[in-house]
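Protein chains: 6
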Amino acid sequence: MSLKVVTFGEIMLRLTPPGYERLVQARNLDMTYGGAEANVAVSLARFGMEASYVTKLPKNPLGDGALEELRRCGVDTNFIVRDGDRLGVYYMERGASLRGSEVLYDRAGSAIANATLSDFDWDEIFAGAGWFHFTGITPALGGELFNITLEACKSAKARDITVSCDVNFRTKLWDAKTAGESLGKLLEYVDICIVNEEHAGELFGIYAPGKEKDRDAFNRDMALYVSKALKDRFDLDKVAITYRRTISANENLWWATLYDGEDICISPKYHIEIIDRVGSGDAFAAGLIYGLANKKDLQFTVDFGAACCALKHTIEGDFNHVYFDEVKKLMEGKGGGRVSR
Amino acid sequence: MSLKVVTFGEIMLRLTPPGYERLVQARNLDMTYGGAEANVAVSLARFGMEASYVTKLPKNPLGDGALEELRRCGVDTNFIVRDGDRLGVYYMERGASLRGSEVLYDRAGSAIANATLSDFDWDEIFAGAGWFHFTGITPALGGELFNITLEACKSAKARDITVSCDVNFRTKLWDAKTAGESLGKLLEYVDICIVNEEHAGELFGIYAPGKEKDRDAFNRDMALYVSKALKDRFDLDKVAITYRRTISANENLWWATLYDGEDICISPKYHIEIIDRVGSGDAFAAGLIYGLANKKDLQFTVDFGAACCALKHTIEGDFNHVYFDEVKKLMEGKGGGRVSR
Amino acid sequence: MSLKVVTFGEIMLRLTPPGYERLVQARNLDMTYGGAEANVAVSLARFGMEASYVTKLPKNPLGDGALEELRRCGVDTNFIVRDGDRLGVYYMERGASLRGSEVLYDRAGSAIANATLSDFDWDEIFAGAGWFHFTGITPALGGELFNITLEACKSAKARDITVSCDVNFRTKLWDAKTAGESLGKLLEYVDICIVNEEHAGELFGIYAPGKEKDRDAFNRDMALYVSKALKDRFDLDKVAITYRRTISANENLWWATLYDGEDICISPKYHIEIIDRVGSGDAFAAGLIYGLANKKDLQFTVDFGAACCALKHTIEGDFNHVYFDEVKKLMEGKGGGRVSR
Amino acid sequence: MSLKVVTFGEIMLRLTPPGYERLVQARNLDMTYGGAEANVAVSLARFGMEASYVTKLPKNPLGDGALEELRRCGVDTNFIVRDGDRLGVYYMERGASLRGSEVLYDRAGSAIANATLSDFDWDEIFAGAGWFHFTGITPALGGELFNITLEACKSAKARDITVSCDVNFRTKLWDAKTAGESLGKLLEYVDICIVNEEHAGELFGIYAPGKEKDRDAFNRDMALYVSKALKDRFDLDKVAITYRRTISANENLWWATLYDGEDICISPKYHIEIIDRVGSGDAFAAGLIYGLANKKDLQFTVDFGAACCALKHTIEGDFNHVYFDEVKKLMEGKGGGRVSR
Amino acid sequence: MSLKVVTFGEIMLRLTPPGYERLVQARNLDMTYGGAEANVAVSLARFGMEASYVTKLPKNPLGDGALEELRRCGVDTNFIVRDGDRLGVYYMERGASLRGSEVLYDRAGSAIANATLSDFDWDEIFAGAGWFHFTGITPALGGELFNITLEACKSAKARDITVSCDVNFRTKLWDAKTAGESLGKLLEYVDICIVNEEHAGELFGIYAPGKEKDRDAFNRDMALYVSKALKDRFDLDKVAITYRRTISANENLWWATLYDGEDICISPKYHIEIIDRVGSGDAFAAGLIYGLANKKDLQFTVDFGAACCALKHTIEGDFNHVYFDEVKKLMEGKGGGRVSR
Amino acid sequence: MSLKVVTFGEIMLRLTPPGYERLVQARNLDMTYGGAEANVAVSLARFGMEASYVTKLPKNPLGDGALEELRRCGVDTNFIVRDGDRLGVYYMERGASLRGSEVLYDRAGSAIANATLSDFDWDEIFAGAGWFHFTGITPALGGELFNITLEACKSAKARDITVSCDVNFRTKLWDAKTAGESLGKLLEYVDICIVNEEHAGELFGIYAPGKEKDRDAFNRDMALYVSKALKDRFDLDKVAITYRRTISANENLWWATLYDGEDICISPKYHIEIIDRVGSGDAFAAGLIYGLANKKDLQFTVDFGAACCALKHTIEGDFNHVYFDEVKKLMEGKGGGRVSR
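Chains as they are written, first to last, in this note's numbering: chain A, 2 to 342; chain B, 2 to 342; chain C, 2 to 342; chain D, 2 to 342; chain E, 2 to 342; chain F, 2 to 342.
Treat the hints with care, since some could be wrong.
[As the list claims (entries may be wrong)] Lysine-lysine pairs mimicking BS3-like chemistry, simulated, CA-CA at most 27 Å apart:
hint	chain 1	residue 1	chain 2	residue 2
1	C	K329	C	K5
2	E	K60	C	K335
3	D	K5	A	K5
4	D	K60	A	K330
5	C	K60	F	K173
6	C	K60	E	K329
7	B	K5	F	K60
Read the hints as simulated data drawn from the structure, not as lab findings.
Working from the sequences, and respecting the hints, build out all of it.
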């Protein structure tokens, strides 16, 4: 039987002008839902795993809409608390070529941001679960969210549930110093940490040697250095690092590494033309969880995660509507796309 | 030269599912902007009058969008304060037949709701103005909004500017008792009061005799009774009352009366098939202001206001994109529509 | 074998804002093609008749688009001349309830308006044809169009081809006096004349007795009076008169009469909720031509025409995409609609 | 705890041209899913009941889409068999005024139409269930569907599960004689039968006295006569009859009666402007099941069902996205719509 | 006078989610029509040639739609048989970057797939024709389609009509062995054969030397080897081979060769960013037929075909809406695009 | 205080098929407004400068639409004359890859093309202005437009207003010889001239040495040669030259040079993936005006203009909806795009 994965965070209404219109030009908006941890839950459900998403949603049609979209994708929504004032919203202006995408957040005062410790009964939530995943966005939401996340981590740990954290540092929510300290406390309970190379430096002061001379430099030793430093600092089981190089707003390179204390494996470097990059990091996290939870080896796991991430860039919306066989096909080089090895 | 009219209140982003879809079904949303007092300003500008709209908007693309839509329609936006956190949003689910329209407000924490007395310099704003209009929504927004509105009223009065108020009671913002007391204080500074028959009763306890037996009853004497009571209570110059009878969610009857202490005039009773009824009361208010500011007689004024209101029901969005000649044509019975006299 | 019908006139690009938006609100436009005589040709082709449409279209993608839309509907386009500067355009703002529809023409300088006598070889065009139909719009286009139409009429007459004319008076193209005189000259060559009750009065001074007292009055004698007067004045074979009563911009009554010198037949009076009324008169003309060309009796013919017209009001665009069986079904009262008899 | 309801039948992809376009005009199609028994399941889930839908869907993105849409609405999809060749499709051309809606079925060869007895394990499906609902469409699909439905009925009966059947006769699937005989066999196992007045006559030869003179006639005695005859013929527990009068393609009257052997209750007669009438009968069936399963009295039950049905006419798509409180509000006359009592 | 070309095959309704949405995300579908041989006919008509398309279509609005779309493009539809049950449908999910496009066929039981020998009178169809074109899809449709195609070939041959075949092997319709044998029998009657390099190997076992070491290898000698082998095996007049290299799902290289037994000509190698690649092979075939039928030389012909194919990749839908002058302009290097020579 | 810039020319309705559809395929059109000089005015207003646009617009909803779109963007519309027959229209077919974009003009007979000298009172228009900008399109419109432009230039010169001209040669409006002579006369009054390298040759016979051998050649000396020749010929203050290299219809290189008689500065060479290239030259002109009017140095000015132009390629419609900070960010290399230096 499949392992049950619990994820916890904020899901928002996402409003996107059609095509490449700017918000100020727009006259209608495409309407989807998304949020880092919800995105992970959807990916896992798409791969056939049992995924439960925990959040707090207002009792109104937008709260219903978010819940129903998750349920549609096969995510368990039974532990979603229904109360509070509003659903957070974010507006996504799609960039192209020399103009980057812009995100406008309108998430203050959301039901989850105002949630309290008593909203969530982790004993009940974690019953039957084998994995808990959260990202650095959740404790950054303010109010009691750090404490709630901490309690969730402790409760998971007490039950021998594997805990993974995607660092996901967002400067619009908190500063690097606070983020570094807060996440540091949570990482004590974490087994698997996912972070991109910049955040490893900004939050934890861990920089690969040589990086200061060439910020685009990358090699196995540099990855190993950072991974080992993170593992040692926070007593982690495994460390995944992600790398992005921006050719233009719609053309990127992307790859990742995964370290287990002994070995470090490097994924293929994907050359990606972008349809929608929101949620691509979450797609990687989901792929990683899938691989580890299903006892795949290190190389398969990082390759699977990277292929998930690459495919997500071609899918509209936050959720990665791709299936195991499709990821596998890309890993085997049958997708026909442009992979720079 | 045309009289300059100042209006003050909240403009929101309005998001509407296409056709008759419910929010929970929707996958995209039509995007317009609207708010009671902004709607009045747009109507007046469409009639060729000088209209200035005062509010506070965040410095982001949605604040820009609201301001630009007003500017597009010819409204003076020079006294709009740009600061604060967010633009209020409302979602509008169009009803039909036996299913009424539903509005979901997401306006808490908007820039204008958090405005302070020091945000607005009424001396500067009222320079050159001849009329000030607000509705009961503005003081209901909470925070300092009642005090700001009061200050605006006093400042206008001190300059001999005509002040009009549309009572516009909204139960989602405050209760009838608070509304009645607060508006009562503001009405001391008001010359022209617009109110629908229900609110006259609910807020001020003024009911036409016979109404208790038949809530749909209407005749000249009943209108006169309520108008006179309001005029006397608040020492008003003129009182307009509006009447709506709902045949179905998309078929209504609508008419109004206008009383000047001597005479009461009754508009035609319009039989309306509804495309979009939001802003129809504001369209009436604008027509009334147009008539009075341009020294039209009582009957013309209430007829013009009612024709504005009737036409608004056929226009998509909050703003009433109709012109003087078109209103005139309907008043003269050349519109071809169904008027129940 | 089916009789070949030739129609001659202007087809335009029609641009329509979605739903009930006004032009000044619109951000995109629906794109169809239409024109009185082209509409007739399409209806006839839909009924399985051979219909050839004659006009002049520019050699550009819009000229191609107009021609291809006709060809798609089965109309013979082999006698369309390809040359000239531009395709005429009209913008159609859909009205509702108390707001009437508005049409904005941008047709000056179109290829057909600048056509010359030498553009059309009527001998070749009329080879094998049994019927020629035009409307009062064609000679009103200015330039040589009156002369071209006159030549077409003479050529048709010389070949014993039945000629029908729908008076279709448009005040935006010419005044009533000029129209009356010009059409009068053309009607000398016409066998079947279609006209609505107002135009019979405005252009030819023929008013039913009693009309001056009640402009909505209608009875068999009044219809007979006007029909007979027209028949006698222009030595016509048959006269059809159409009647519309406007309840609102989207609710009309419509019926017609047909007179052959002996008998006058009156169609059912249809109560119509309108989706798109443009082309409804052309739909009637097509139904009339169908009935007469196929030797149906007088009552069937006027009933068939009226049913065509009623159905057209429910079809989006100028062209009446309905089939014989569907018209028949409505005539037999099986359409389920609201018919006021 | 809520009673679990099982429904069984075919869900199809529904493709609808936008607005009032005909299929031959359309260039894009709105995409939803629907089918009589699935519609009932969605309604019940919307009312908070446990509803399980049983069918067979192909393993392709359209099969996924149908399943996911059901899951989104809260329907249990665990007993849906995934196999077979294709998903049935139907094209829905929306009519208006004098032009009726047209449906084009493309359902031959669908996964469910080719299902076999061994596809469904009714013991497992009915575990924990208290109600089984099917319609006359399911046994009409051909192949083994009659036998599968019969087996389901027998299995339900053996477990003391309440069985309801909506007769739903479709001439495009079978003739009245076959339908009458087949449904007669199934009705032996049915407790609650829903039928419209025409089908009671066509399939079972039961006509109210006086109906032959006036097909629109209706009174309590006529309803009682038919209900009693049906109850006696098939030894039913309760009989619901539905009535529709067509004013135009978008304006109908609708009401129902419910008989329990002692009493007959008549619902209000709703005057409905139609947005989308597909699934309105299913909405009534769901309301009826809700009332009876929750031990409401006869009058409440038929009134609740009729209000569900009336509201469905205002909802786009097959599924009735309305909630208990909204139906209640309409029943209490607070919906503001036009109810002819 | 232009040569008349007859093509024969299946045209389907094509339904495409907007943008890059997956089918499971889609809420509406773009609606076009297409099929290999119909695509060729449209291209030829766009180039001003007389093209007649032969198929069988159901008598319903979708059959009408397919026929009308062909007629709109100037294709002769007089030999289309109208009968049978349904129109085949295919769903086209547009890929991007690393995610390939996906096609879901729903074509079983289509009118043409169930056609019989007696449906087509080839004597009548071929009267006045000079060329017959079919593809390997037509005989693969099952039922009597192989025999009907064979009869058409024989009938064409007997009349000295040039016969061309595009091998177009589709694994979803039949296996390589059956396809190779069946097409082998038909190729006996074929003058011009078009095939891509893979199918030459898979169906006929003809591989260029060196291909096994490098599947992307290409040079003149390799092309000559395969062309000659095909020509000799099937006694062909000319052989065209097409080559595609996939950089990503939306970036391809494409070129072709044409051999006449003496000379082999190689087209430019086009570097193409793809809007819609469906029908690009058919565009090449049409260009080839145009060149040969109009007695152009070998190099012009293959260059013209390749330019047609390259342009098709930029056109939405199956049909290649480009004109002779546009193809010519690209051949002359004036299109401004990226050509790798 | 910001300098007021006056621009003068034609604004048209722009109608664009969605996505990459051709006009002949389109069924709806996106609706924006644009024109070379209006585009410049909008850019300047977006940068916070005072910009007044002068033209003549018909009194109809399309004239209103054009004016309102300008007003929305903050452009002063007080000197727009409202009269005349029609608004010019242009249809824009978006190209891709090997298929270039196509523009179809329908601008003959527009209000501005028929304007007369007496329509514009330049004394009033230029009151308070510091800069006048026009392009070579305006005098090419025919009628009195050359004389009106000449009068504007003289009037500006007489007031010591800086005059800039973007040569913008359009072969569809006039031939190179006429254009060269006419613009030559106007350039006598111009201070700043903007021209692309081809037009410098075609209109004024000024070719960089070596260009004949390699039309893609570029170096500092070549730019200097042409700039100096232009400066000397027309006694200009500054000369800007623009350069475009087409990789494909949606991938271009673009850069510019700016010469002040002493120094020549070269902008970065931008590698651009194109969303919409219309108006990109106008975006450069606006950037140039911004830099020079705000006393920026030569290098900043040409870099700012080039960054404006590069960003415009990513914005839908004619108008460049970008802000100063966004242009600055790209200049500082923080946009993340692909810049070839």
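Violating hint indices (sorted, rising): none
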